[in-house]
Amino acid sequence: MSEVLVVVEQVDGTLKKVTLEMLTLARELGEPAAVVMGAPGTAASVADKLGQYGATRIYAAESEEIDGYLVSPKAAALAALVSQVQPAAVLLGATQEGKEIAGRVAVKLDNGLLTDISGLASDGTATQVVFAGSTIVTSKVTRGFPLATLRPNSLTPSPAEEAASPEVTPIEFTLDKSDTRARIVERVAEAKGARPELTEASVVVSGGRGVGSAENFTLVEELADLLGGAVGASRAATDSGFYPHQFQVGQTGKTVSPQLYIALGISGAIQHRAGMQTSKTIVAVNKDAEAPIFELADFGVIGDLFTVVPQTVEELRKRG
Amino acid sequence: MNIVVLVKQVPDSGAERTLRESDHTVDREVADNVINEMDDYAIEEALRLQEAHGGEVTVMTMGPQRAAESIRKALSMGPDKAVHIRDDALAGSCALATSAVLAAALRDLNPDLVLCGAEATDGRVQAVPHMLSERLGIAALTGARKLTVDGSTLTVERQTDEGYEVVVAQAPAVVSVWDTINEPRYPSFKGIMAAKKKPVTELSLADLGIEPSEVGAAGASSAVVDHRGRPPRSAGQKITDEGDGGAKLVEFLASEKFV
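Note that the protein sequences, when read in sequence, are chains X and R. In this text, residue positions in the first sequence follow my numbering: the first is 1, and each later residue adds one. In this text, residue positions in the second sequence follow my numbering: the first is 1001, and each later residue adds one.
Just chain R, with the same shape it has in the complex:
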């Protein structure tokens, strides 16, 4: 079973994140850029499937030069190779354009399974797996907390607000995973060293047959018009419990008409 894992480099959600004044896009220069956290779980799931069923695991990312760091980091967990889609014209691409570019690259690789994180911590759009499914005409099994592969039959437990759904499809398919699905491994020293030598194929828009005008800020289907900092919450009243903390809390709730 050949698997492609989609990886996105995002600004660290544990640090300050900002938009650029000039074009309202994410300021990725000043940010501490890391692999989208949920993607580690997708890589781990791919490696476990490879251990059980064989085949190759390829990491794919679309991003600027800087994303190469994230590719090496992903490879250090154990995948065999990587594809880096990189083109200056891609900056500022909307989800729609991103999915078109990823779909073009996936068509060429023709994997049995595409794995990705259920959402990216920067945009939180959660729509790209279904956009890919729509473009490639293959199934999308999204929000998985469990994935079972039996021959070409894929079964997932999809987390819902009410509980979960069991969803079945035939490969090829796109499966997105939550962080409940497994516990990702840490790269070993050997893995980190090996990652340096693993093949990374760079693809440009020309390689994929996509016009620069269809992507990036120029080809975006939505635009940010303006942004501003949300007024910081002013800290309110803070008391130290002296045996009446609970009573005072209830008084506060009553003064705000919650009780």
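Chain X extracted, bound-state conformation:
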């Protein structure tokens, strides 16, 4: 069986969920091989977990350059690896960095690129959900091999029936001057507490204009924390300064696809729907009975969120 390369995304030794999804998908398509690119020691820190999800081999590019410059060195390493092993397909996360690496590799190898796929069949046909979730497209690469970025939360990751113990093979690659032009001088983590990453969370609780103020967002956070979810916000809420921009869900923010999406005080303009319409179950609380969000909601409560949400919180606490 041919190898399917999965480009690993991790933070401090913890694999991003989309990586586990990609390995799960790769097992259907061929022999999954993980590509780890980062500071020295990264591959060792994630090898066990990659093995549990069926990675039979780890290709590693570990150096200060890989870690210290924006995207280009990773693209150089991945392109070199692809030329050496001729994989059946290459999967990356449809994250900012995943999309950027994929774009550079597409140019280097003059290979077609499929972005934001939600599935890939063994004949190379991919599915994509476009236009605010309104249209499903099937597409394929017509020049080269399937090179695709997978939208997080497209499938449920599952460990392999039999864990593999992947051996680590260093990738042989060279960097030229143009690969080290954008130097990362500082990485700043902004506190988001213990909450899961927005695009990966199984539960997302979002607040909109109806939340009314930054202080009131603690109510949204409280419900999210009780459900083990992430907090999101509509554009109206982030533009009004109620919540930081990086938590914006919508056309100009993050696209989320959780098991459960709870919209509080969000009218459901198309701008917002673009970012959450593919959620499995949608719950909405809004005092306007005509709010478009109710057209999507599996369960809608017409009412004041300042009475409905505290009662919800209280009921959840009772259930422990």
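Calculated from the structure, these hints are not laboratory results. Just so it is clear, the structure is predicted and the values come from calculations on it, not from any experiment. Glycine included, C-beta positions come from ideal geometry on N, C-alpha and C. Mixed in with the good hints, there may be bad ones.
Stated by the list, open to error - Here are a few chain X residues that sit away from chain R, every Cβ distance over 10 Å (derived from the structure): (1) S45; (2) S122; (3) V168; (4) S213; (5) T218.
Claimed, not checked - Once the Cα atoms are required to be at most 25 Å apart in a straight line, the calculated DMTMM-like pairs of lysine to aspartate or glutamate come out as: (6) R:K1248 - X:E28; (7) R:K1190 - R:E1037; (8) X:K49 - X:E162; (9) R:K1081 - R:E1037; (10) X:K254 - R:E1165; (11) R:K1248 - X:E315; (12) X:K287 - R:D1241; (13) R:K1198 - R:E1044; (14) X:K49 - R:E1037; (15) X:K318 - X:D239; (16) X:K108 - R:E1037.
Got chain X; can you put chain R on it based on the hints?
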């Protein structure tokens, strides 16, 4: 500092958007076409840099005749001139071909800085800035929420899932911006009138030395095989809060095994 701002005309993301039955490409005829929202922020950033450091701001777009409206609209904010890359053979171009065409035009203009929006609301590929960087051999600083220029040194704060990264490069470079970077100005009446007289250079594939077979649907590196409407979500249960809305919400969550 000479700046080129890349602008894309896209179907309005606030309205209904469809693909054409015949070739599965975006139906741009029926759509309400507007400047990609994120591009306004790139134009604004270019104008602010021009105010601080001088130089010229050029708007560049690749698109059909209709894109001329978007060019005038962009110029009304204040840029000096525009380049419109227009050729019938370009219809249906993939991101790879688009980046090759833009790179060819940028090579001729040789700007110090290329600014663009972090993503287009139609394709959402987010890869073109890095494709251009790869083709031109210049730095790409992408996803900027802040850009500082000091001589030829460019510093950006790049938004990430975890927070942000500070990334530094020397001009020339491609910088893509999010809508957190500034607040775009509205065109003034004077600006709208002035835009009508500003020079717009039209470039064809022949002008750029690119063969028609390398671009468009014929030269595409990926293809849409089929498309269909996603089944509309059927609206579910809707209740009016009569003092027990929260309790009923929790019952629903329990029935769906979320709690």
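To see whether the hints hold, each was checked on the structure:
no.: 1; hint: S45; verdict: 17 Å, holds
no.: 2; hint: S122; verdict: 15 Å, holds
no.: 3; hint: V168; verdict: 25 Å, holds
no.: 4; hint: S213; verdict: 20 Å, holds
no.: 5; hint: T218; verdict: 17 Å, holds
no.: 6; hint: R:K1248 - X:E28; verdict: 41 Å, violated
no.: 7; hint: R:K1190 - R:E1037; verdict: 22 Å, holds
no.: 8; hint: X:K49 - X:E162; verdict: 12 Å, holds
no.: 9; hint: R:K1081 - R:E1037; verdict: 20 Å, holds
no.: 10; hint: X:K254 - R:E1165; verdict: 18 Å, holds
no.: 11; hint: R:K1248 - X:E315; verdict: 9 Å, holds
no.: 12; hint: X:K287 - R:D1241; verdict: 9 Å, holds
no.: 13; hint: R:K1198 - R:E1044; verdict: 18 Å, holds
no.: 14; hint: X:K49 - R:E1037; verdict: 41 Å, violated
no.: 15; hint: X:K318 - X:D239; verdict: 35 Å, violated
no.: 16; hint: X:K108 - R:E1037; verdict: 29 Å, violated
Checked against the numbered hints listed earlier, the structure breaks hints 6, 14, 15, 16; every other hint is satisfied.
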